[in-house]
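Asks: In order, the protein sequences belong to chains A and B.
Position 76, counted from 1, in the first sequence is what numbering that gives the first Met the number 0 calls 75; the numbers after and before it change by one each time, with no gaps.
Position 239, counted from 1, in the second sequence is what numbering that gives the first Met the number 0 calls 238; the numbers after and before it change by one each time, with no gaps.
No lab work stands behind these hints, which were simulated from the structure alone.
Among the hints, erroneous ones may be present.
[Unchecked claim] Simulated DEER-style distance windows between Cβ atoms: (1) B:Lys281 - A:Asp96: 50 to 56 Å; (2) A:Leu139 - B:Glu132: 55 to 61 Å; (3) A:Leu173 - B:Arg76: 37 to 43 Å; (4) B:Lys378 - A:Tyr113: 57 to 63 Å; (5) B:Ala415 - A:Ala195: 57 to 63 Å.
Using N, Cα and C, we set each Cβ at its ideal position, and we do this for glycine too.
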Amino acid sequence: MEKRVTFRGWLLPLLLIAPQVIISGIFFFYPAGQAIWQSLFIPDPFGLSSRYVGLENFEFLFSDKFYRATFGTTAVFSILVTLFSMIPALFLAVIADRLIKGSGVYRTMLIWPYAVAPAVAGVLWLFMFNTRVGVVSWYLGTLGYDWNHVLNGGEAMGLVAVASAWGRISYNFLFFYAALQSVPRSVIEAAAIDGAHFWRRFFTIVLPLLSPTTFFLLVVNIVYSFFETFGVIHTITSGGPQQSTTILVYKVFSDGFVGQDLGSSSAQSVILLIVVGLLTVIQFKFIEKRVHY
Amino acid sequence: MKKTLFGMLAATSTILTPIAAMAETEVQFWHAFTGRLGELVKAQVEDFNASQSDFVVVESHKGNYSETLNAGIAAFRANEQPHILMVFEVGTATMMAAGGAIKPVHEVMAESGAKFDPNAYIGAVKGYYTSTEGQMLSLPFNASTPVLWVNRDAMTAAGVDPDTDLSTWQNVGATLDKLKAGGEECPLVTAWQSWVHLENFSAYHDVPFATKDNGFAGLDTELSLNGEAQVAHLTAMGQWAKDGKFIYTGRRNEGGANFRAGDCALFTESSAGYAGISSEAKFDFDVRPLPYWEGVGNAPQNTIIGGASLWVMSGHEAEEYKGAGEFLSFLSSSDVQAAWHQNTGYLPITSEAGDATRAAGFYEANPGTEVAVIQMTAKEPTANSKGLRLGSFDQIRGIIDEELEAIWAGDKTAQAAMDSAKERGDALLRRFESANR
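Generate coordinates for the entire structure from the input sequences, incorporating the hints supplied.
Replies: Set out below in C-alpha cells:
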C-alpha cells in the first residue's frame, strides 16, 4: 500500500515544480523543438534564406553509407566506454570497501579524475600516447609494438574509449562504493559461515544486491558516451583516422559547425534524440525487470 | 535581457575609455590570431589608431579560423556582426554565397574614397578573393604557400649530398631511397596533406581540382581530384608510406614538431612555417620550391595560397564603412605589408611590399624566404591555378583527409580513395548549391 502525501491547494505545488519545468522548457524543450523544426529546412549559414524540404534532410542522411556506419561506430564506442568505466569501478569499489585503514584517502584519490574536464582528459591521454613523444607509446616501442593511433583505427578507438572511460571510473566508483556500504553485513556473514569464499559471496549475494545501482549506472554511462565524450574525441582524433572514431554526436558537430550545414545537423540531432529515447525505453522495459530493488 | 547586458557592457567600456571617443567612429575587427601573430595584429591596429583621429579600430580574438567564422555567422544572425571579419581561405565560397551578409571590398573602397589600387596586389594572392569579373571581394590578409623544407644535417648523416636537386618528385623519390638506405627513419613528412598534396599539387601541375574553373565559374562544380595526375602522385606517396619513406603524423601540422626536432629529413609545409622553424631548429635547413613531377601537366605552374582574408560585413553605417575602408587601405600599405611579410613568413600581398623587402636586403640576410614569393608569382595564374572556390570546403577537406588516411594505411588504392572522395565531396557540393540557390 503506497502512502501518499497530498498538498492542499495548487499554488504551492506549482511553485515548487516551477523551477524544474522552466529549466527543462528553456534548456530542453525549446532547443529540441527548434531542432525538429529546423530539420525540415535547408538554410544558408547566415540565415538569409531557408528552403522547406520536408524530410529531404533525413533521406540525404540515410542514403549516406558513412552516416549509417556512424551508428556502428557509436555502438562499439558506447559499449567499450561503459565496460571500461564500470568494471574497473566495481573492482576498485570492492577493494576499497574491504579496506580497514585509510579508506578515506583512497576514496578521495579515486574520485579525483572525475574533476578533470573531458577535453583536458583527452589532451592528457593524447600526450601519453603521442606517436612521437608519448611515454606509453615509447614503452610499447621498446617492447616491439609500433603504436600509431594516427593511422590505425582500432588503436584510435581504444584510446578514445579509455580516455573517455577514465574520468568516468570515479563517478561509477562513488556509486558502487555507496551501494556496497548498504549491503547488509548479516547476509554476508551468514554466507561466510556457510563456507562461501569471497568471490562466491560476491557473485551470488553482493552483485545481485547491487543491481539497481548497476542498472542506473548503465543508463547514465550510455547517455554519457553518446553525448559528453565530444571533448575527448575532438582533442584526440577529431573523428579519424578515416571515420573510425566519428560517433553520432561528433558528426552533428562537424556537419553543423565545420560544414555549416545546419539542416543536416538538426536532422541528426533529432535522430540522436530518438535513438537515446529508444535506448532508455528498452533499458527500462527489458533490463529493469531483472533488477532487484 | 541580452540587449540590456550588451548595453551595460557598452556603457562600462565607454566609461572605462580614458578619453571619451565622441567624434571617433568605432570599427569592430574580429580575427583568429593568438600568440606572436596576435601581438603583431594588435600592433597594426594600434598603429592605425594612432595614425589618425577619425576612427578607432577595436580588434578582438574569436578563436581559431573555424571558430572565428562561426562567431561571425552567429553574430550576423543576432544582428551583432562586426564590420570586419577574418575568414580563412576555405570559407571563401561560404562568404561569397552570402551575398546579403557581406559588402564587397571593392565597393567599400570606392565609397570610402580610401587609397585603393586593385592592380597593386599580387595576382596569385588576389585571384583567390576576386570575383570572376575581377572585382576584389575581400582583402587578402595573411597568405602563404607550401614549400619544401630540408634538414641538411639529416641528409648528410644519411650519406646524401644536402645540395641534391630536389626540384622534382622524381629526384625526391630517388633521394628518399638513399635516405632510407642511409638509416633515416623519417625521410619525408608533411603538414596539411590535402592543401599541399592535392590542392596545390593540382594548381602546380595546371590540372583541375574541380570543374567550373575550380568552382569560380559556378556553384554546380564537381570535384575532379581523382584525375590521372593526382592519382599517380598519391600512388607514389602511398608506396612511400608503405616503405616507411613517408611518415604520416596527422591531418594538421603535427609533422612540424617532428621536423623542428630534427627527426625528419624533408618536410612539405607552408612558407609561414618559417617563424617556428628558424627559431627552434638546431640544425642547418634549406627552403626549396615545392617539387613537381617532371612531364606531368604544365608543371611547374604556380602554387596557390592558404591563409585568410578580411571580409566587410553588411548592415552598418556609411561612416563606419569609411573607417573600415581606411583601415584596409592602411593594412595594404607598403610599410605595413613589408613588416608583416618579414616578421611572419607570410607572403607580401602587394608587389611593392615585396620589392621593398628585397631592397632592404632581407632576402639575402634570410635565405629561402623568397622561394615562396617566386614560386607563386613566376607565372600568370591559369583557370586551374587561380585558387579554389568550393562550398562546404572545410568539411570536404575532412573527407579528403579520411580518404588519404585510407591510402597511407594501405586500405585503399589511390584511385579508389579519390573516387570515393569525389563522390562524397560532390554530395556536399550539391547540398551547398541547394542551400544557396
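Asks: Return the numbers of the hints above that this structure violates; sort them in rising order.
Replies: none
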